[in-house]
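2 protein chains.
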Amino acid sequence: MAARRQIRLGLSMRYLGYHAAAWRHPLADPGAASNYRHFLYIAQAAEAAKFDMVFLADGIGIRTKDEPPGALCRSHQTAELEPLTLLSALAPMTSRIGLVSTASTTYNEPFHIARKWASLDHISGGRAGWNIVTSWSQAEAWNFNRDEHLDYETRYDRAAEFVEVVKGLWDSWEADAMLHDKESGLFFNPDRLHVLNHKGTHFKVRGPLSVKRTPQGRPILVQAGASEQGLEIAARSAEVVYSASHDVDSARDYYQNLKSRLAKHGRDWDHMKIMPGITLFIGRTEAEAREKYDLLNALVAPEIGLSYLYGQLGDLRGHDLDGPVPDPPGGPVKSIAKNLLALARKDNLTIRQLYTTIAAGFGGRILVGTPEQIVDDMEAWVEAGAADGFNICPPVLPLGLDEFVELVMPELRRRGMFRTEYEGATLRENLGVPMPPNRHTTARGA
Amino acid sequence: MAARRQIRLGLSMRYLGYHAAAWRHPLADPGAASNYRHFLYIAQAAEAAKFDMVFLADGIGIRTKDEPPGALCRSHQTAELEPLTLLSALAPMTSRIGLVSTASTTYNEPFHIARKWASLDHISGGRAGWNIVTSWSQAEAWNFNRDEHLDYETRYDRAAEFVEVVKGLWDSWEADAMLHDKESGLFFNPDRLHVLNHKGTHFKVRGPLSVKRTPQGRPILVQAGASEQGLEIAARSAEVVYSASHDVDSARDYYQNLKSRLAKHGRDWDHMKIMPGITLFIGRTEAEAREKYDLLNALVAPEIGLSYLYGQLGDLRGHDLDGPVPDPPGGPVKSIAKNLLALARKDNLTIRQLYTTIAAGFGGRILVGTPEQIVDDMEAWVEAGAADGFNICPPVLPLGLDEFVELVMPELRRRGMFRTEYEGATLRENLGVPMPPNRHTTARGA
Numbered sequence: 001m002a003a004r005r006q007i008r009l010g011l012s013m014r015y016l017g018y019h020a021a022a023w024r025h026p027l028a029d030p031g032a033a034s035n036y037r038h039f040l041y042i043a044q045a046a047e048a049a050k051f052d053m054v055f056l057a058d059g060i061g062i063r064t065k066d067e068p069p070g071a072l073c074r075s076h077q078t079a080e081l082e083p084l085t086l087l088s089a090l091a092p093m094t095s096r097i098g099l100v101s102t103a104s105t106t107y108n109e110p111f112h113i114a115r116k117w118a119s120l121d122h123i124s125g126g127r128a129g130w131n132i133v134t135s136w137s138q139a140e141a142w143n144f145n146r147d148e149h150l151d152y153e154t155r156y157d158r159a160a161e162f163v164e165v166v167k168g169l170w171d172s173w174e175a176d177a178m179l180h181d182k183e184s185g186l187f188f189n190p191d192r193l194h195v196l197n198h199k200g201t202h203f204k205v206r207g208p209l210s211v212k213r214t215p216q217g218r219p220i221l222v223q224a225g226a227s228e229q230g231l232e233i234a235a236r237s238a239e240v241v242y243s244a245s246h247d248v249d250s251a252r253d254y255y256q257n258l259k260s261r262l263a264k265h266g267r268d269w270d271h272m273k274i275m276p277g278i279t280l281f282i283g284r285t286e287a288e289a290r291e292k293y294d295l296l297n298a299l300v301a302p303e304i305g306l307s308y309l310y311g312q313l314g315d316l317r318g319h320d321l322d323g324p325v326p327d328p329p330g331g332p333v334k335s336i337a338k339n340l341l342a343l344a345r346k347d348n349l350t351i352r353q354l355y356t357t358i359a360a361g362f363g364g365r366i367l368v369g370t371p372e373q374i375v376d377d378m379e380a381w382v383e384a385g386a387a388d389g390f391n392i393c394p395p396v397l398p399l400g401l402d403e404f405v406e407l408v409m410p411e412l413r414r415r416g417m418f419r420t421e422y423e424g425a426t427l428r429e430n431l432g433v434p435m436p437p438n439r440h441t442t443a444r445g446a
Numbered sequence: 001m002a003a004r005r006q007i008r009l010g011l012s013m014r015y016l017g018y019h020a021a022a023w024r025h026p027l028a029d030p031g032a033a034s035n036y037r038h039f040l041y042i043a044q045a046a047e048a049a050k051f052d053m054v055f056l057a058d059g060i061g062i063r064t065k066d067e068p069p070g071a072l073c074r075s076h077q078t079a080e081l082e083p084l085t086l087l088s089a090l091a092p093m094t095s096r097i098g099l100v101s102t103a104s105t106t107y108n109e110p111f112h113i114a115r116k117w118a119s120l121d122h123i124s125g126g127r128a129g130w131n132i133v134t135s136w137s138q139a140e141a142w143n144f145n146r147d148e149h150l151d152y153e154t155r156y157d158r159a160a161e162f163v164e165v166v167k168g169l170w171d172s173w174e175a176d177a178m179l180h181d182k183e184s185g186l187f188f189n190p191d192r193l194h195v196l197n198h199k200g201t202h203f204k205v206r207g208p209l210s211v212k213r214t215p216q217g218r219p220i221l222v223q224a225g226a227s228e229q230g231l232e233i234a235a236r237s238a239e240v241v242y243s244a245s246h247d248v249d250s251a252r253d254y255y256q257n258l259k260s261r262l263a264k265h266g267r268d269w270d271h272m273k274i275m276p277g278i279t280l281f282i283g284r285t286e287a288e289a290r291e292k293y294d295l296l297n298a299l300v301a302p303e304i305g306l307s308y309l310y311g312q313l314g315d316l317r318g319h320d321l322d323g324p325v326p327d328p329p330g331g332p333v334k335s336i337a338k339n340l341l342a343l344a345r346k347d348n349l350t351i352r353q354l355y356t357t358i359a360a361g362f363g364g365r366i367l368v369g370t371p372e373q374i375v376d377d378m379e380a381w382v383e384a385g386a387a388d389g390f391n392i393c394p395p396v397l398p399l400g401l402d403e404f405v406e407l408v409m410p411e412l413r414r415r416g417m418f419r420t421e422y423e424g425a426t427l428r429e430n431l432g433v434p435m436p437p438n439r440h441t442t443a444r445g446a
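Protein chains in written order, with UniProt numbering: chain A, 1 to 446; chain B, 1 to 446.
Hints should not be assumed to be uniformly reliable.
Identical chains blur together in the list; that is why a pair holds if it fits in one copy or across any two.
Stated by the list, open to error - Calculated cross-link-like contacts (lysine-lysine; reagent style DSS-like; alpha-carbon spacing at most 27 Å):
no. : residue 1 : residue 2
1   : Lys65     : Lys199
2   : Lys65     : Lys167
3   : Lys182    : Lys65
4   : Lys199    : Lys346
5   : Lys65     : Lys204
6   : Lys182    : Lys338
7   : Lys346    : Lys334
8   : Lys167    : Lys182
9   : Lys338    : Lys65
Hint data in this document are derived by calculation from the structure and do not stem from the laboratory.
Isolated chain A (complex conformation) (with noise of 0.2 Å):
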């Protein structure tokens, strides 16, 4: 078997899963997303199948708008765990699998964040992820004393910057500080301990970090960006990147594209790990898989479903959901509404055939087949150069999980796609990308 087409799967938990709907199905438990127990099953179950890492995405407020009115009071998106506290007490009842959450740089500081997660690092044994962001968003803005999200170009400027803070914390204390000689009083060498002193543009942070270096050297470094920027910042950076791609075609290029970036930075191809999202409808038959899907989505209230497109086609209460999508008055002003019509048009899509196709995957990419199909799919995806790996984004958990590890595992062990035993301890160790040198390690040549 190829090493080369041994794929790393990543679970996303956050919700009740990634559909809209998730909560209405006949099996969910609606109050989960607030359960810890929930999660705990789920981390387990994906422990147990070896799963490279549960991830949870995260924004700092509700941000479902209720537009139009009465879309609010019938998302499950509302009320959660916040994921930094869910990860944690999730630690101490795994042992091998990743913790990822996301975190975001426009909201934080990175003294925070440089000290949680180097402690859930050193709680959970070498098993932390940050998942790299900005926020974009009003309703976050509003919850942190502005009127306004700050424009792209700050928040990435202020992101990249956030990121390198961070990292220079992590590498305040070298791998052999701590001496702890009871008999001279030495608790720590001074000459490992190193103040950082960043004065930057959008930071001032002195350090040092006051959590010794953890089991990974550093948290495993994850980036989702797409544009210009957020790709500067992974190839600097980033050791997972979750992408978005909806066809191989554009993944492959955006995976070319993303780690042919990474010689300049002196990053070697295969220590960053390109995992696109991809939620999956999955029968023993392509029927069984098409009943479910269809089931989800007969549970999307309109209101939902109207409200993802709202923002772009405007209020279409007034129309006939079977019936086509209407041009905005006007006409469509952003590209993403252009993209949406276009979208319509090309399969002739009517109103509630258009929003299911976001409803049913929270905006991602969507697949509904047998577990022969899905993977084949996925093995196309590896072999034309176009993903390292899934980020599995199930539309009702625990369920979506549970038919993954019974129906689609079987298929990709077959095929040697995947593990049976977790390779390492930690996070990185399973992942294949190396651990960091610490760079004042580096500087004094030991």
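Once you've looked at the hints, dock chain B against the given chain A.
Quick look at chain B alone, frame taken from chain A:
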């Protein structure tokens, strides 16, 4: 047994204990403050003994200065785990004990604090507590984009507003907000979700919080302020107060002063628990207790000891440590320096003896004696109206906790002063402080 004599007990577990030389104790594991398993042992042992809560004090950075040189690298109060991640990781491994930590109102945002503590309250099943502090140290300011820490007035003004915003966010969701009605498609009742829309001097926070109402209504609020503004924040909101009195008279004055402020906020005298901190050296005989005290004190490196005097009395490295405490050149300026000198003069203390009084309990109250003497002292404080319980700050952990449980607990229970079983499931129930009503539920007259 009179209910009023039943005391509350907290266990402070920061670093390796409160003694400056804790890590050099023959039975101490010097690296334990960075080791989750150390805290797991402590939390589980404290729960087995029915402590009300474990507590983590906090500072956002390494506060210890290297003055005189050589002090910092001898201090164990340098590397640690971050409190929120640590408490979350302890939540699923315990079931009844309260989980309380400090978070600064100076270098945090209310939305983050409200969200993380609400999440911890859900994960722990109603056992979270937040100790509200302001940050006063230069070392912390330097980690958060500032050259100087905020002045006292601004800090406390910000703190008071911060607490009100957090309480407002915690009332976002009424207790009966969730409908989870799969049939109708209503996830929650929109009349039961409330937008805070706070616009104040320091913060603009719209809300609502993305975490539903917590098992305790809201986490337990803790305060430790002794200043006028601190007392007012406590009187308005705190359910637990950590006080720092060194003698029963000042403790009683503090207690009576603070509790007499409750009525004007419509609060009950008994719904605030005042718990002075205390570091205990416990022996089966007085001589044994004194031996334990002396053993640790002999391990205090002079550099560490002198660092406690440096800020007030200057660099005393040239002086005989076993000679008298010299007047600082030009005389003592700050009141804290005058108090230190007065303490030294009163008992004719040497330099070494003076710094030992600080080093032995991180500046807090120290008691050296037999279980009977210690419980006599506790009982006297409770009878005097100076305490509702105590925050135990062992000199070395877990040793000092094990000794407390083995030697002091039986004496407390013999006198009917401490529980043998938890009264309730939540920290609030065990403390005996009522669930606060949701302001919106009250406004509806429900």
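Quick rundown of the hints versus the structure:
1. Taking CA atoms no more than 27 Å apart as the test, Lys65 paired with Lys199 passes between copies only; the shortest distance there is 21 Å, against 38 Å inside one copy.
2. Proximity of Lys65 to Lys167 under the C-alpha cut-off of 27 Å is restricted to the inter-copy arrangement: shortest distance 24 Å between copies versus 35 Å within a copy.
3. Taking CA atoms no more than 27 Å apart as the test, Lys182 paired with Lys65 passes between copies only; the shortest distance there is 21 Å, against 59 Å inside one copy.
4. For the identical chains of this complex, Lys199 and Lys346 are neighbours neither inside a copy (52 Å) nor across copies (47 Å), given an alpha-carbon limit of 27 Å.
5. Taking the closest pair of Cα atoms, Lys65 and Lys204 come within 27 Å of each other only across two copies (19 Å); inside a single copy the shortest separation is 35 Å, beyond that limit.
6. When the C-alpha separation of Lys182 and Lys338 is checked against a cutoff of 27 Å, the pair qualifies neither within a copy, at 69 Å, nor between copies, at 34 Å.
7. Proximity of Lys346 to Lys334 under the C-alpha cut-off of 27 Å is restricted to the intra-copy arrangement: shortest distance 18 Å within a copy versus 78 Å between copies.
8. For the homomeric pair Lys167 and Lys182, neither the shortest alpha-carbon distance inside one copy (31 Å) nor that between copies (46 Å) is at most 27 Å.
9. For the homomeric pair Lys338 and Lys65, the shortest alpha-carbon distance inside one copy (21 Å) is at most 27 Å, but the shortest distance between copies (59 Å) is not.
Of the numbered hints given earlier, the model fails hints 4, 6 and 8; all others are met.
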